[in-house]
Amino acid sequence: MTLPKFDYVAPRSVQEACQLLEGGGGGARAIAGGTELLMALKNRQESPGVLVDLAALPLDKISYSDEDGLRIGALVTLRHLAAHPLVGAKYPVLAQAARAAGTVQLQAMATIGGNLCQNTCCMYYHRAAGARQSLDPCLKLDGDLCYVVAGSAQCWASYAGDLAPALLVLGATIVIADSHGEKIMPLRDLFSGDGKRPHTLGPGQLVTEIRVPSAASRSGGAYVKLRQRAALDYPLLGVAAYVAMDAAGTTCREAALALTGVERTPVIVEEACRLQGEALTDGAIQTLAAAARRRARAINNVCGIPVRYRRDMVAVYAESALRRARDAATH
Amino acid sequence: MERTIALTVNEESYEVTVRPHWMLVDVLRDRLALTGTKKGCGGGACGCCTVLIGGEPALACMTLAIRCGGRHITTIEGLARNGTLHPLQEAAIAHGAVQCGYCTPGWLLSAKVLLDRNPAPTREDVRAAISGNLCRCTGYRKIEDAILAAAARTR
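Protein sequence lines, in the order shown, are assigned to chains P and V. Quick note on numbering: the first sequence equals residues 27 to 357 in the working numbering. Quick note on numbering: the second sequence equals residues 164 to 318 in the working numbering.
Simulated from the structure, these hints should not be mistaken for laboratory data. Values in this document were obtained by computation on a predicted structure and should not be read as measured data. Even for Gly, the Cβ is constructed at its ideal location relative to N, Cα and C. A portion of the hints provided could be inaccurate.
To be verified - Cβ-to-Cβ under 10 Å is the rule here; a few derived chain V residues that face chain P: (1) Ala208; (2) Gly232; (3) Ile293.
Stated by the list, open to error - Chain P regions said to be covered by chain V (calculated; three or more residues, Cβ under 8 Å): (4) 58-66; (5) 69-82; (6) 125-135; (7) 251-258.
To be verified - Below 20 Å or equal to it, Euclidean Cα-Cα: the simulated DMTMM-like pairs (lysine to aspartate or glutamate) are: (8) P:Lys209 with P:Asp94; (9) P:Lys31 with V:Asp189; (10) P:Lys31 with V:Asp193.
All chains should be modelled from the sequences, with the hints used to inform the complete structure.
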C-alpha cells in the first residue's frame, strides 16, 4: 500500500509544533508513533497536506516522585511504559494495558499520547479504500448516513484505545499545550463523545504529558481485554479496574472501573464509588459488574462478533478485572 | 519535496535522497537493494517487515524513511557476521523452522530482540515475543523450538 504525497516538517520544540499545526489548519497532522495515522493515509481515510513530526520533542521521559506521582511524556512508547520497573510495580493496570495494545513491534513504535488520541473504530470506516467504494460514504467519512444505526445523524464509531481506561481508573490528568502555553485537565475531558471527532483537542493543541497521582499503598489494578486474536487486535471490550484497601486490607477505600471498545468514549462506571467503605466480597464485585453491564451500550459495529456477546461479556470481564485488582491489593 | 538523510544500516553508512511519503521498507529494498526485509500485509499486522531501529523492533512498512535520519537500523542481512550465521539462523535451519521463508527475517529479528534482553526465555516468553509475526507454514512450534535452542546455545 502506498501513501499519498505530503510535506514534512520536524519542529524542535512543542511551541513550534503547535504553531505549525495551528498554521496548517485542517491540513496539518501531528505524527508521533505513526502506527495509526499512516494506516489512515494508506487507506485514504485522511490526506493531510503536511505531517508535523513530533519525534524530536523532549517528551519521552517517565518520572516518579511521591509528591508529584507519575509523569509520562506523551512520546513515551507503550513498550517503554510496559517495561518500566516502577510502572510495573506501582501501576500494574497501566503496564498490563500497554502490553495488551497491538503487537510487540507496534508497542515499540506507538506512543502513549498517540494511543489516547486514537481514532474511533467502526467496520464501515476501517475498510480498505477499494472496499469502501461499494458503499456511499458514512458520516465518519464525511458522508451523510450511518450504516450501524440507520437514520442516525450521529456517528457511532467506538473508542477502543487500551490505555485510556487504565489511566482513567488511576485518576490521570493530562497536559495540553498550544501556542499560548499549556493547561492541565482531567483525562476524561479529552473525549468528546462524538464518534466522528472523538477528541476535544482544537487545531494546534497537543497532549504533552500524562500525570497519574502517586500510588496508594494496598492498591491493585488489572486490565483485561476481549479480542479475536491474542495479539494485535483492538479491544472488542477492555476493562480496567483499580481498588485501594484500608490498612487492615479488609475494607475498600477507593474503587474505579472503566471500559473501552464499547461506546464512543471510554466509559467510567460511576457505580464503583459505592464500594467505598464496603468489604470487597464476591457479591459486591458481582453487583458492580452487573451495573457495568447495564451501563455499557455496545453497538453492532464490529464485523463477525454478535453485539449481544460483547454486551454479555462486560459483566464477565468486569468481574474478572475487579477480582484481580482486589487480589493484587490484598496480597 | 526531497530530503537527503544519513542512514546506518547493518553498521554501514548510506546517504539516501527520499521523499516524505516513502516507507522505510521500500527504501531498504528498492534503493539499498536489501531485499531480505519482506513486505507482507503493508498494514502493520503480519510482522514480515520487522527491522530493528536503535535496537527496538519496528515495522518498516509503517515507518517513514524520512524519520530515520541518523538512526541505526538492523535488517536480516545484518544478523550474520563475516559469513557466519547467527545462532538463531542456525537453529532455524536445524529445527526446520523455515518453509516458504517469507516470515523468517521478521521473526528472527523479533527473536533477536528477545534474546538480547532475556537470555533464558520460557516458551511463553518466546510466544509473546513473536506474537507480532505471522507464519502461515510451520505452525510456530518449530519456530519456538528454534528460538529456545538458540537461547540455550548462546547462554
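These are the hints, each one checked on the structure:
no.	hint	verdict
1	Ala208	6 Å, holds
2	Gly232	9 Å, holds
3	Ile293	8 Å, holds
4	58-66	holds (count 4)
5	69-82	holds (count 3)
6	125-135	holds (count 7)
7	251-258	holds (count 3)
8	P:Lys209 with P:Asp94	16 Å, holds
9	P:Lys31 with V:Asp189	15 Å, holds
10	P:Lys31 with V:Asp193	18 Å, holds
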